[in-house]
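Participant: Those protein sequences? They're chains A and B, same order as listed.
Quick note: the first sequence uses the numbering used here, first residue 1133, plus one each step.
Quick note: the second sequence uses the numbering used here, first residue 7, plus one each step.
These are calculated hints, taken from the structure and not from any lab test.
Quick caveat: nothing in here was measured; it's all calculated off a predicted structure.
Treat the hints loosely; a few may be bogus.
To be verified - DSS-like cross-link-like pairs, simulated, lysine-lysine; straight-line CA separation at most 25 Å: (1) B:Lys265 <-> A:Lys1465; (2) A:Lys1318 <-> A:Lys1328; (3) A:Lys1188 <-> A:Lys1166; (4) A:Lys1164 <-> B:Lys72; (5) A:Lys1183 <-> A:Lys1164; (6) A:Lys1183 <-> A:Lys1289.
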Amino acid sequence: MSDSPHRGTLKIFLGYAAGVGKTYQMLDEAHKLKDEGVDVVLGYFEPHGRKDTIAKAEGLEVIPRRKIEYRGAVFGETDVEAILRRRPQVCVIDEFAHTNIPGSEHAKRWQDVHVLLDAGINVLTTMNVQHLESLNDQVWQFTGIRVRETIPDWVVKQADEVVMVDLPPQALLNRLMRGVVYTPEKAQQAMENFFKESTLVALRELAIRQTAHEVDVRQSVQDEAQAAETGGEDLGSNVSPRARSPECILILITEDPSSAALIRRGKRVADYLQAECLAVCILRDGSLQNIAVAQREAVEKHMNFARNLHIEPSVLRGDDVAETLVDFARSHKVTQLFIARPQQKKWPLAFGRGLVERVVRLAHDIQVTIVAERRR
Amino acid sequence: MSTKGRPDPEQLLRQLQAEEQYYRFGRLKIFLGYAGGVGKSFRMLDEARRRRERGEDVVVGAIQPKASPEVDALLQRMLVIPQGYVGGVPTMDVEAILRRHPQVCLVDGLAYDNPPGSAHPKRWQDVEHLLSVGISVIATVNLQHIEERREQVERITHKHVTETVPESFLRNADEIEIVDAPPDFCLQRGSIPSFVTGTGSTTLSPQQLSELREIALLLAADVVDYQLEAYLVRHGIQQLWGTHERILVCVSAYADAAKMIASGRRNADRFHGELFVSYINRPDITPEERSVLERNLEEARAVNARIEALDGEDATDAIMEFARTHGITQIFMANRMNTSWWDRIFGRPLDHLVRAAENIDVRVFPA
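Work the whole structure out from these sequences, hints included.
Facilitator: As structure tokens, this is what we get:
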């Protein structure tokens, strides 16, 4: 979904756990393409010692990994330069969410993939739903695991196609027990942690709903493109039911650690409502230079995190956070404010002096969402 | 995830019944596709092949006639029970399957109508019969044949379908697997040849296929959600998780909630989630208040919300209790502007609610 007609297409095989068959299905498709005469190479492939998967990779040309030394050990990463020189029509890159070893050109594999797409190479890749940034808190709630290798939602949204690779959890557990996915010791360990049936069922539902959402988003884009083609100027007779919502969400960023979850949540709601998403940080003199180092670092971290999710945060000057926030909201036609639920210890003693209360009172014509941190 | 307190007898009984139901029959697995040609038959036969390699006794009970070369290749290595005839019409030979009594039987085209004079009018009823005698079944079905989704699908395809399977049949399957191939997006873009192969080549446009695909995925998500709840009941786990958004709109007898309810509906739809509307039962309600409440509930009914009357001395406690037991992820509430002296000293309901709402977002609407 890029403006350039020469950009490669990206297809993501989405699963909900290791062993559901993402790589296998991707390789299956690579073979089909090859049989149809398409020039396909394996740019990065992670066999995990699985027999079926290794067998499936046979007969496909492999671009050797680039060796990178880090702290005395040698790692293999995608050799983007070599793939660019080889210029295949389609390149298979496993594990989209992977973090490259320090010393690689890009920090994240999805950035490598973007280079290939920009060069007009089509890419097939795999990922699990738990790697999606906006689901990080929810996944942690089900599983107790903080997924560190995340992909910003906009990166997935840019993919031309997201396909769900499905396998019922019971079948996955059977695979695990037969030793198809991991070695027996690792499988035992996995089943006590991540691979509990209830966890898998929940993750699977999340993956299916996410795929449905991805399909939905792509329809909206198509609808819009069609409306534009058929001269959608006459809005009166041609109002699409999926017309962009007039909603605009504003997130209040602070130095508090709850900001990360707040940003994720606000952005997710904005994406689902197809709303615009803004963020502000309010400081007494409107500058990051005159605040304590720890506070500055925390605020900068959260602002970078927001940028990473394609939200451009503004720093505002204001003595009164509630007033400044609501003024900005009003002048930017914001329809919903997102603020974090205060920590228990920070509840004001006297009622009506707390930020939440004051924002709600001032924002009388704007909706205010108080986002609770997710706990287990 | 926790099981707090002593299990109550009701709960234990439900658990026991759920367990019985779970272990009584042969196991049913269904491959769900959103259109012909996505590869359901292939996936079913591929699974049968793997099961046979592991030593399971698998036979083919019914297979769609116009198979692709890939399906044919798999089929040649399978044991196929020949079709029987009822009134001269070929159909799945249930009697022969029962006599053969395999561990696993493949049944393609679950929605098929049997010829008049058969033991059951519908093929899915034959499958129930096989399951009841302990034969496991792997079956395929297309979205358009699910009774409850038929109208929705027909609006997209403009094709009328008569052969259907009830959605409850899917929900009660032990496993459901989605066959999710995207409608060859690359063909339109002209860069890569078609990704979709198979039998049921279709005359639907990519747009139509994409709409069907979304419905099929949401159907599968609902079935999985239902199965997650069944799993939790079976294992005596009382806590529900919010795998999808569940919005609770709190209405009262004091203010018009039409906007809030409409927004709740729109949000629930966008998230493909559920909408609940609740109010607190009060004995001391005046006729004027009663009519305001009735109007609000009328709005709620009009948008198909689940309406709940909550009892309890403390509104916050009642709302939070309901929210926790129903996996609510967002509470919508109106902001009452005029704060009384009582409110200023003891805090307003909104403030109480925000304090109590751990794990739940509270959205405050202008009064």
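Participant: Give me the numbers of the hints this structure contradicts, sorted from smallest to largest.
Facilitator: The structure breaks only hint 6.
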